[in-house]
Amino acid sequence: GEDVEQSLFLSVREGDSSVINCTYTDSSSTYLYWYKQEPGAGLQLLTYIFSNMDMKQDQRLTVLLNKKDKHLSLRIADTQTGDSAIYFCAESQFSGGYNKLIFGAGTRLAVHP
Amino acid sequence: DGGITQSPKYLFRKEGQNVTLSCEQNLNHDAMYWYRQDPGQGLRLIYYSQIVNDFQKGDIAEGYSVSREKKESFPLTVTSAQKNPTAFYLCASSGVGGGTPQETQYFGPGTRLLVL
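In order, the protein sequence lines correspond to chains A and B.
Its first residue numbered 91, the first sequence is counted upward by one per residue in the numbering used here.
Its first residue numbered 10, the second sequence is counted upward by one per residue in the numbering used here.
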């Protein structure tokens, strides 16, 4: 079935690294995404990774993909208070003629001094 | 500035009333989507449209209706048949490209619907 799972909450100290984990179910997913949602706002695309890659780096963000274990992680280096938000993992599944996104429930990241 | 706009930011519905949420995009995207977000849950797909004058039901379409008369616009109507409409509604758009980065979805700022 379709299921994307994430831990619900993560607390880190400012300046430390944050690692947000996600597991997904569909091994045929072509792309996996990370979105950020600040309070009362829409989802902002952070990054995505193609399923034949195992790592992607973009400034402070590093995405690791373990396709064998269907595990995706997002590492944020030098975490700042502005990184406090909910982070959603999503996998794409080709269904009904289009690329459907399946979202996890989101991980709330709290950054404290 | 290219982007997706949703209005209003907050919307109040009385019992038995239909209300319409607006979504407009100027990204020249063919596909548009409506999602519902409830606290502590991921997004659930209500309806999507890949081309003008065509749309498909998502996972939770009951109590909702949509139209797609223009490429730029995809309004969502929450009907009186939707018994639990209080939620945050997000509109998104994307290109159509058979499993390519073109299909990455971009989101609007959302509309919060509250029942009086």
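Don't take each hint at face value.
The calculated label-pair distances, taken between Cβ atoms and stated as ranges, are [as the list claims (entries may be wrong)]:
id, chain 1, residue 1, chain 2, residue 2, range
1, B, Phe-21, A, Gln-170, 16 to 24 Å
2, B, Gly-106, A, Asp-148, 16 to 24 Å
3, A, Asn-156, B, Asp-47, 26 to 34 Å
Facing chain A, according to a computed beta carbon distance under 10 Å, are these residues of chain B, among others [stated by the list, open to error]:
id, residue
4, Gln-26
5, Asn-27
6, Tyr-42
7, Pro-84
8, Leu-99
9, Pro-110
10, Pro-118
11, Arg-121
Since the hints were derived computationally from the structure, they do not count as laboratory data.
These numbers were taken from a predicted model, which means no experiment stands behind them.
Even for Gly, the Cβ is constructed at its ideal location relative to N, Cα and C.
Hints and how they fare:
1. At about 36 Å, the CB distance of B:Phe-21 to A:Gln-170 disagrees with the hint of 16 to 24 Å.
2. For the pair B:Gly-106 and A:Asp-148, the beta carbons lie near 21 Å from each other, so the given range of 16 to 24 Å is met.
3. At roughly 30 Å, the beta carbons of A:Asn-156 and B:Asp-47 sit within the given window of 26 to 34 Å.
4. Taken as an interface hint, B:Gln-26 does not check out: its beta carbon lies about 24 Å from the nearest beta carbon of chain A, beyond 10 Å.
5. Below 10 Å, beta-carbon pairs count as interface contacts, and B:Asn-27 has none with chain A, the closest being about 24 Å; its hint is therefore violated.
6. Interface hint status for B:Tyr-42: upheld, as the beta-carbon distance to the closest one in chain A is roughly 8 Å, under 10 Å.
7. Evaluation of the B:Pro-84 hint against chain A yields a violated restraint, the C-beta minimum of about 17 Å exceeding 10 Å.
8. Annotation: B:Leu-99 was flagged as interfacial toward chain A, and the flag holds, the nearest CB pair being 6 Å apart, inside 10 Å.
9. Taking 10 Å as the C-beta cut-off, the interface hint given for B:Pro-110 holds, the closest approach to chain A being about 7 Å.
10. Taking 10 Å as the C-beta cut-off, the interface hint given for B:Pro-118 holds, the closest approach to chain A being about 4 Å.
11. Hint status for B:Arg-121: holds, given a least beta-carbon distance of 8 Å to chain A, under 10 Å.
In the structure shown, a violation is registered for the earlier hints numbered 1, 4, 5, 7, in ascending order.
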